[in-house]
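Given the sequences, and given the hints that come with them, work out the whole structure.
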Amino acid sequence: MNIRTKNQGKTMLASLSVAFGLAMFSVAVQAQEVQGGTLYGNMDIVTQDMLDRADGDANNFLHTNGNYAQTRYYPASQINKDNVKKLRPAWIFQTEIVESMETSPLIINGVMYATTSFNHVYALNAATGEQIWHYKHKMGPITTYCCGPNNRGVAALGDKVYLGTLDAKLVALDAKSGKVIWETQIADPELGYSETMAPTAVNGKIVIGTNGGEYGIRGFVKAFDAETGELLWTFHTTPENSVGKWATHDATGRDMHRDIKAEKAALKKLGDPYKTLGGGVWQNPSYDQELNRIFFVAGNPSPDLDGSIRPGDNLYTNSLVSVDLDTGKYVCHFQYIAHDVWDLDAVSPTILVDVKNKKGEMVPGILHGGKTGHVYVHNRDDCSLIRFSEAMVPQEDMWVLPTKDGQRMLPGANGGVEWSPMTADTSLGLVYAINLHQPMTYHVESSPYP
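Each step along the sequence shown adds one to the number in the numbering used here, with nothing skipped, and position 58 is 123.
It is possible that part of the hints are untrue.
[What the hints assert, rightly or not] Under the rule of at most 30 Å between Cα atoms (straight-line distance), these lysine-lysine pairs were calculated in the DSBU-like manner:
#1 Lys469 - Lys340
#2 Lys340 - Lys329
#3 Lys340 - Lys326
#4 Lys310 - Lys333
#5 Lys334 - Lys469
#6 Lys469 - Lys333
#7 Lys394 - Lys423
#8 Lys310 - Lys423
Hints were generated in silico from the structure; no laboratory data involved.
Given below as structure tokens:
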């Protein structure tokens with residue numbers, strides 16, 4: 066959103082990635098930050114150098130979450146606590162789609178790229194709101210998606226923008242015209258795969274995960290060649306041995322009341338459920354340039370509440386995971402809730418910041434906000450948990466097991482930090498999180514798959 070103050074004739078580009086309902090409010094703006102802003106390229110072509118240094122670029126907003134560390138913090142000062150009350154809409158653009166809007170627009174050389182539900186992409190003049198082009202994805206005959214037809218944005222690299230679609234495709238569009246350059250099928254939508262996340266562009270690769278954890282899919286993160294759309298590697302979020310260590314306690318040390326004996330009997334009878342175990346990846350990974358690794362979280366196991374047909378810890382569902390960017394090979398993971406039967410999946414994007422370890426030393430760290438209402442602090446080197454915050458929402462009857470008649474627990478499946486990204490101000494040493502307080506009564510009946 067771009068904004069203009071009442072007493073200000075000049076304009077500045079404010080890198081706030083916000084969409085309101087059906088309309089985007091924008092501020093045509095050119096300010097001290099823009100006039101003196103750093104220029105890392107020719108502005109028409111998004112280079113890797115520009116992406117690497119995006120958090121200091123006052124001319125553009127190049128990542129869904131602001132930078133590869135996903136801090137979502139922009140250090141501009143022209144809009145501040147003294148004049149923010151004077152902001153007003155500079156223009157309003159009405160999209161064609163009457164649905165939810167969860168996109169984070171990118172701004173490149175004065176052009177705003179915003180997506181809507183059902184995979185429309187708009188290129189707009191960021192100063193005036195005038196439409197430059199409009200791409201409507203032609204959906205395939207089958208789409209199977211959970212939780213709304215949302216789309217959370219595009220990625221940009223070179224002269225292209227990249228879109229994931231509800232029918233599980235990755236599409237490369239010409240940034241100037243909106244014409245399709247190439248299109249790749251990521252997975253089979255008939256089996257429950259879909260895409261609502263924004264892709265990530267890094268080092269010539271387009272990295273994207275998958276939705277579908279509710280439909281018995283096998284979760285993954287994939288990397289494609291940015292120029293050709295060729296698949297480079299696949300990392301499955303449910304390994305062939307998904308059983309784990311039969312953990313009885315969650316990341317905070319509380320007993321989850323698992324019936325390990327019954328699960329072991331089910332494993333002997335049914336085998337490892339990894340092929341249909343879920344573990345969708347809803348949001349962008351963060352990227353550490355020095356380690357050349359990405360960090361992301363994998364969501365709930367499938368089926369959501371019925372754990373009787375998926376014995377074991379259900380690795381790597383409900384986990385922080387790190388893989389090598391060049392090869393997609395596993396590096397480390399940490400599981401928050403083993404054998405989750407409450408749909409408390411990990412979805413909010415990971416944030417890379419320096420943190421204090423248990424000895425009080427500053428080390429490279431990772432933050433993740435969970436549906437449990439805790440912020441988890443990890444060591445970036447091995448994914449290990451350093452500590453967790455106090456609960457930000459009420460917690461009651463954790464971890465009561467779902468039953469046919471219903472059991473109430475707080476937080477519910479939408480509680481705590483759901484898909485909403487957090488933001489971090491490293492100068493203050495603070496992280497900010499949006500939490501939802503929504504009690505839920507869990508009813509479950511076991512039925513044959515699916």
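To see whether the hints hold, each was checked on the structure:
no., hint, verdict
1, Lys469 - Lys340, "holds, 27 Å"
2, Lys340 - Lys329, "holds, 18 Å"
3, Lys340 - Lys326, "holds, 23 Å"
4, Lys310 - Lys333, "holds, 16 Å"
5, Lys334 - Lys469, "holds, 23 Å"
6, Lys469 - Lys333, "holds, 25 Å"
7, Lys394 - Lys423, "holds, 28 Å"
8, Lys310 - Lys423, "holds, 24 Å"
Of the numbered hints listed earlier, not one is contradicted by the structure.
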